[in-house]
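Quick mapping for you: the protein sequence lines, in order, are chains R and C. Numbered according to my numbering, the first sequence terminates at residue 240, and the numbering increases by one at each position without gaps. Numbered according to my numbering, the second sequence terminates at residue 240, and the numbering increases by one at each position without gaps.
Source of the hints: derived by calculation from the structure; they are not laboratory data. Model, not experiment: these values are computed from the prediction. Note that beta-carbon positions come from the ideal geometry of N, C-alpha and C, so glycine has one too. Accuracy of the hints is not assured; some may be wrong.
Just some of the chain C residues that point at chain R, by a computed CB distance under 8 Å [claimed, not checked]: (1) Ile11; (2) Val54; (3) Leu157; (4) Asn159; (5) Pro161; (6) Asn165; (7) Lys237.
Listed below are the simulated BS3-like cross-link pairs for lysine-lysine, each with C-alpha atoms no more than 30 Å apart in a straight line [to be verified]: (8) R:Lys233 with C:Lys87; (9) R:Lys50 with R:Lys117; (10) C:Lys178 with R:Lys144; (11) C:Lys178 with R:Lys237; (12) C:Lys227 with R:Lys50; (13) R:Lys9 with C:Lys178; (14) R:Lys227 with C:Lys196; (15) R:Lys186 with R:Lys144; (16) C:Lys99 with R:Lys99; (17) R:Lys196 with C:Lys99; (18) R:Lys148 with C:Lys227; (19) C:Lys1 with R:Lys1; (20) C:Lys9 with R:Lys49; (21) C:Lys237 with R:Lys186; (22) R:Lys227 with C:Lys237; (23) C:Lys9 with C:Lys117; (24) R:Lys148 with C:Lys117; (25) R:Lys49 with C:Lys144; (26) C:Lys237 with R:Lys233; (27) C:Lys1 with R:Lys148; (28) C:Lys49 with R:Lys49; (29) C:Lys227 with R:Lys237; (30) R:Lys(-4) with R:Lys49; (31) C:Lys87 with R:Lys144; (32) C:Lys50 with R:Lys(-4); (33) R:Lys148 with C:Lys87; (34) C:Lys196 with R:Lys186; (35) R:Lys87 with C:Lys196; (36) R:Lys148 with C:Lys99; (37) C:Lys233 with R:Lys63; (38) R:Lys9 with C:Lys186; (39) R:Lys63 with R:Lys87; (40) R:Lys227 with C:Lys205.
There are 2 protein chains.
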Amino acid sequence: MDFKELLEKQSAESWEKYIPTLSIDCVIFSFYENSLQVLILKMRDQDLWGLPGGYVKKTENVDDAAVRILKDRTGTENIYLQQFYTFGNLNRSEKAFEQYHDTIWNKQRFISIGYYALAEHSQVKLVLDEYSSAVQWHSIENLPEFMMDHRKIFDKALTTLREQLNNHPIGYNLLPEKFTMPELQKLYEGILGKRLNRGNFYRKILRYDILTKLEESRKGGAHKAPDLYSFDVEKYNSALKEGLKGNW
Amino acid sequence: MDFKELLEKQSAESWEKYIPTLSIDCVIFSFYENSLQVLILKMRDQDLWGLPGGYVKKTENVDDAAVRILKDRTGTENIYLQQFYTFGNLNRSEKAFEQYHDTIWNKQRFISIGYYALAEHSQVKLVLDEYSSAVQWHSIENLPEFMMDHRKIFDKALTTLREQLNNHPIGYNLLPEKFTMPELQKLYEGILGKRLNRGNFYRKILRYDILTKLEESRKGGAHKAPDLYSFDVEKYNSALKEGLKGNW
């Protein structure tokens, strides 16, 4: 089915099923190949990349809609999900579908509730749905141009992550169960958008007493196998409750 | 006009003018008589108190709607305003108007965008509109029972304030230009929901180097006139950008 036909067919159903004017956009972060990555996709008739999103059923809690949208796209519910901001400017979304008929669902004014998600990379199986021509992880550096105000939504998500780094279990949800100190540092550098001094970072993170050094080390590299750590969940949670002190 | 007639008259206009299903609720804080206060009101047909709110015009940015609603209620635009969360559970609002006809605007499912506002007390002139029977400031301690999920909205606003205390100009916007150290401490205690040690608080806040001690002191009390301070706006803003370090 060509994309125009698909939109027209789906529009009738969408007007029936979803709350008009309201959408959800998801900024899904993951840590992969030593860099902080975000899930982006391309709609079939669009040149620009965008964030995955969806709509809220008339019979559904907004938070449940976000979980559903995320599951449809990533194949898992096992993801830390948090609402961070609602984007409500006039003309933020209308233009992207201007070549279509006014009755098309997607051509409305949408006010979009932003959720960020933290996905442990191995849990996710990306799903390319019938509306998209591409879906992929992309390093948060050198992102391609985004459609609508999706760049603004991404930026706000990253700023929120930065502000919440000392109060929310962000590292815990992005890293695999066992990780090395350089990986943890890379993650913090990605979120903070700056390079950190290795010695200072190690000293600080160890001083928090939230990590457990494991008996094993990572196999396989050419160099000396690096030590592996995991979060001491109990200590980590109680430290976050108080807030990790200090700047990075 | 009785309240039912008023709702019916306004409903026709509201369906025309506003985006359905979407509302705004405002948690307006102020610092007054040595305590952190919040603006609450009572709708004419309701027994419980609630937060001031309103709707978004079809031709209006969401943020502009929040500014308009706040101005209508407080008589001023000169208020620090920030969106903090969107509340979207099913049945969060519908029950409050169940005795009215289904076509009444207020009886819809509403998804409500929460804004918190920080109002310098002397700037505000409370406005009692035709829908309300009472509007007042109330200390955040011992709040009365709220309608709908307004208590949850208030709690989330206060938690947000707490998390943002080190990064946002919260003190600056709640206090008058000149204030005493005990007033600043009371404000912090209100936001943090706990008593602070006087000596530690003074030492910490002075160490940030964000206050200017004024040449004058407060007149009129029975005791020794307390010193007055104001924020050094430049230093304060640059300290907030980095984030005030440490816990209270």
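These are the hints, each one checked on the structure:
1. Ile11: 5 Å, holds
2. Val54: Given a least distance of 3 Å, the restraint on C:Val54 holds.
3. Leu157: 10 Å, violated
4. Asn159: 6 Å, holds
5. Pro161: Violated, because the Cβ-Cβ distance from C:Pro161 to chain R comes to roughly 14 Å (cut-off 8 Å).
6. Asn165: 18 Å, violated
7. Lys237: Interface hint status for C:Lys237: holds (5 Å vs cutoff 8 Å).
8. R:Lys233 with C:Lys87: Not OK: R:Lys233 and C:Lys87 at ~35 Å, beyond 30 Å, violated.
9. R:Lys50 with R:Lys117: 28 Å, holds
10. C:Lys178 with R:Lys144: Violated, at roughly 37 Å.
11. C:Lys178 with R:Lys237: 23 Å, holds
12. C:Lys227 with R:Lys50: 49 Å, violated
13. R:Lys9 with C:Lys178: Not satisfied, since the Cα-Cα distance of roughly 50 Å exceeds 30 Å.
14. R:Lys227 with C:Lys196: Measuring from Cα to Cα gives roughly 26 Å; hence the hint holds.
15. R:Lys186 with R:Lys144: 20 Å, holds
16. C:Lys99 with R:Lys99: The hint holds at about 27 Å.
17. R:Lys196 with C:Lys99: At roughly 53 Å apart (the allowed maximum being 30 Å), C:Lys99 and R:Lys196 break the hint.
18. R:Lys148 with C:Lys227: 25 Å, holds
19. C:Lys1 with R:Lys1: 38 Å, violated
20. C:Lys9 with R:Lys49: Holds. C:Lys9 to R:Lys49 sits at ~23 Å (cutoff 30 Å).
21. C:Lys237 with R:Lys186: Roughly 18 Å between the alpha carbons, so the hint for C:Lys237 and R:Lys186 holds.
22. R:Lys227 with C:Lys237: 21 Å, holds
23. C:Lys9 with C:Lys117: Answer holds: C:Lys9 to C:Lys117 is near 27 Å, not above 30 Å.
24. R:Lys148 with C:Lys117: Violated, at about 34 Å.
25. R:Lys49 with C:Lys144: With a Cα-Cα distance of about 23 Å, the restraint between R:Lys49 and C:Lys144 holds, given a limit of 30 Å.
26. C:Lys237 with R:Lys233: Holds, at roughly 16 Å.
27. C:Lys1 with R:Lys148: 40 Å, violated
28. C:Lys49 with R:Lys49: Holds, because 22 Å separates the two Cα atoms, which is no more than 30 Å.
29. C:Lys227 with R:Lys237: 21 Å, holds
30. R:Lys(-4) with R:Lys49: It holds: about 23 Å lies between the C-alpha atoms, which stays within 30 Å.
31. C:Lys87 with R:Lys144: 36 Å, violated
32. C:Lys50 with R:Lys(-4): Judged against 30 Å, a Cα distance of about 27 Å means the pair holds.
33. R:Lys148 with C:Lys87: Between R:Lys148 and C:Lys87 the Cα gap is close to 34 Å, so the pair fails against 30 Å, i.e. violated.
34. C:Lys196 with R:Lys186: Satisfied, since the Cα-Cα distance of roughly 28 Å is no more than 30 Å.
35. R:Lys87 with C:Lys196: 51 Å, violated
36. R:Lys148 with C:Lys99: 33 Å, violated
37. C:Lys233 with R:Lys63: Status violated; Cα separation ~36 Å.
38. R:Lys9 with C:Lys186: Violated, at roughly 47 Å.
39. R:Lys63 with R:Lys87: Measuring from Cα to Cα gives roughly 28 Å; hence the hint holds.
40. R:Lys227 with C:Lys205: Violated - the C-alpha atoms of C:Lys205 and R:Lys227 are around 41 Å apart, more than 30 Å.
In this structure, the earlier hints numbered 3, 5, 6, 8, 10, 12, 13, 17, 19, 24, 27, 31, 33, 35, 36, 37, 38, 40 are contradicted, and the remaining ones agree with it.
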